[in-house]
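*Asks:* Take a look at the letters that make up each chain.
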Amino acid sequence: MTDVDQPRPRDPRFAIWIGVTAGLFVLALVVGFIWLPLAQRGADGLDLWSAICRAVGLPSGNARVSAPVAGQPASQVAWTTETRRRLAQGDASAGAAIAQACNNCHGVVGISADAIIPNLAGQSAAAIYKQLDDYKSGKRDPAVMGVYVSPLSDQNLLDLAAHYGLLPNPTGDTLSTQSSTSTVARRLIDVGAPLRGIAPCASCHGPAGVTPGAPGLRGQQRAYLELQMQLFKDGTRRNDISEQMRSVARQLTSEEIAMLAAHYSSIPDTGGR
Amino acid sequence: MQGSSRLVLAHFWAAFATFAVAIPLGAWQMLVRSPLHQWIAPELYYRAVTAHGTTFAYVFPTLIAMGFGYAVCAVSLGRPMRGLSLAWISFALVIVGAAMALATVAAGKANVLYTFYPPLLGSPYYYLGILVAVVGTWVWIGLMVWHVRRWKIDHPVLPIPLAMFATAVGALLWGWTSLGVGAEIAFLILPNAFGWTSTIDPGLARVLFSWTLHAIVYFWLIPAYIAFYVLLPQAADGRLYSDKMGRIAFLLLLIFSMPIGLHHLFVDPQIGAGFKFLHTVFTGMVVVPTLLTIFTICASLEIAGRLRGGRGPFGWIAALPWDRPFVLASGFSMVMLGLGGASGIINMSYVLNSTVHNTQWVTGHFHLIYGGAVVIMYFAIAYELWPRLTGRPLAAPKLVRLQLWTWSVGMLLVTLPWHLVGVMGQPRRMAYYDFSNPALASQGVWVTVSAIGGFVLVFSAALFIGVLLASHRGPTAAISPLKFSLAVNPPRRLPKSLNSFGIWAALVLALTLANYGYPLAQFAFLGKSAVPAFPVSQNDRR
Ligand SMILES: [Cu+2]
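So the protein sequences, as listed, match chains X and Y. Residue numbering for the first sequence follows our numbering, starting at 1 and increasing by one per position. Residue numbering for the second sequence follows our numbering, starting at 1 and increasing by one per position.
No incorrect hints appear here.
Distance ranges between label pairs, derived from CB positions:
| # | chain 1 | residue 1 | chain 2 | residue 2 | range |
| --- | --- | --- | --- | --- | --- |
| 1 | X | 30 | Y | 396 | 53 to 61 Å |
| 2 | X | 73 | Y | 267 | 27 to 35 Å |
| 3 | Y | 20 | X | 86 | 52 to 60 Å |
Keep in mind that the hints were calculated from the coordinates and are not lab data. Note that the Cβ used here is the ideal one computed from N, Cα and C, for glycine as well.
Okay, chain X solo, but in the shape it has when bound (with noise of 0.2 Å):
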């Protein structure tokens, strides 16, 4: 078999490309997983075994602080499947028992007759279960709420929050008289404010979206929106889980938050939650 024409069974090329290839593999391996998480800003100190884990994704070898977790939590409410399990077994008809205690200021229907003390009609069952078991650990301001909520079980607050959600909406008649028609707060629902970080009012509180224990605020009383939204915003109520909440109203000026009180509270609640 010596025809010259025949390509010679061994190529060169196919060595020298391979090894190329393969330098360039193991000098990116060593700077990629060696030289620069060991050169980068905080790795002071680092052994070189945490800096490969690091580089290489491992959180073991990531977590060389531990970080602490400061404080409490904001509430001893969780939105884990048990709580969702338990909710459902609320009793709306036990509810309205309890609930005799609470008409006096919530109303005979969940509507109150103070615009400072909030409607319970319709609202979420898993938001007023959030807040009353707040209140009772105090994780919400108790001065008001406190002394209704100590004595009743964790089952009481159940059928509570399964009597409120089932009453009827507010409906017209019931709605602040002043009806508003603020684009500022029409555009902070339904748009937000990407630019201050300020995330649309209804991707959480519906329609566009609900967040598990997000209350309703259509239809809902407009001095108690304002105060919530002013207490979220100085800090003073702190009960929302993760600062949703907080993180939100901080962001919102004074103007805006009555704007926006004034048009939740003009709007029919069409229910949909």
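Add chain Y with the ligand to chain X, keeping to what the hints say.
*Replies:* Here is chain Y with the ligand on its own, set in the frame of chain X:
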């Protein structure tokens, strides 16, 4: 065309039919989110985007690559293709799969965008359709590889013709890279869509998709590169500067476009920074074959220009036959490739990426490269093939030039403003923007410009379809058969490394496994990151 004309024509027409639907959709999408239009229901917008993306990612370029592959196979190997019935089966699979996927999207049952975005979940028929289409292309891969092998066995010492060599590279590349999206659909999404699994791991899905996402672009690009190497020099009355350089470029594309997909996940918290760096390094390497190509093609064009009497350092450019569609299209393509390549280098650098990530800049980048530089070469290929397929000369050469001009101008009008607003911070994949917001108002004018560009593209697309249709009706004439460019020094013998794939394919395999092995394997032992799927656009929410 050695008896495969009907096959090639079927692929091209099927491709252009989907093109004719998806282009107006694109323009409409740009219109409705521009200041020229009221906000619309986002659901409709995402439905259109899904249809547009699915068509242009999985259907249109795939059919072009397949059809062109068959043409190259028949012409360059100089003998009729075998296994035509398999080719038709493959075609049918792609069409059936595409129709199934697109019908599901049209019904509003899968507004998940072509990148799927698990845990978003649409109707299983959408994913199934894409899977069927992808499986259809595997038959084509088999046919291409088999033809090259058979030809090599019959011609052990001859070089594989460059066009076929490159087509085989494209086929191998697609075969390996389509496994990512195939596995994502088959093992993660479909079981969930059918209700067999209750959760889905978005991180794993993203890594698998990135396996496909970079190299798929090179699969789209390869027909255009083939056209540069084997059609352009001759269309300009010149010769290919170097055949070997072409082979090296295609092999480098094969090797380096696979193990780099994690550059799409620079902001993904589940990937270690070391792997991001590794993929960045290899991403840098894919610049090499593109530079080699630009160099070789410019040199080839210079040869052509000087043969036509051009003088001086730039005179040869003016001497080129710019009135010929192929040359004109290639010129535009080079310009757009240059601009898009530059923005691509910005995307691939870890730090700059975080500035442009998820902004309209990225959309601008890939429309410029793919919709501009690549698709205009698909047009050129079609113009070049049509007379050979129909036996009639191309109708209305003036309109052909107008079409190429409007496409380039339209694409630049669309994409340059996108780059700009992207840098201004405009996020992509949004159904509407609030331009009455003073902070966004300044972007409105640019978004308007790009929306107008979209309609220029619609005009150009209509012109394109019109010319092709008209060319079926002209008088028959004697058409010179399709020939591929001669190199200045046509290779008579080639070293094994430039005339075979086996070892290179093994290298790709090894390199991909090295670069992807851990990022994929980590999902097996790191904390559970699977979540319940989020069904979208289905009435029967689970
Ligand atoms: Cu990429």
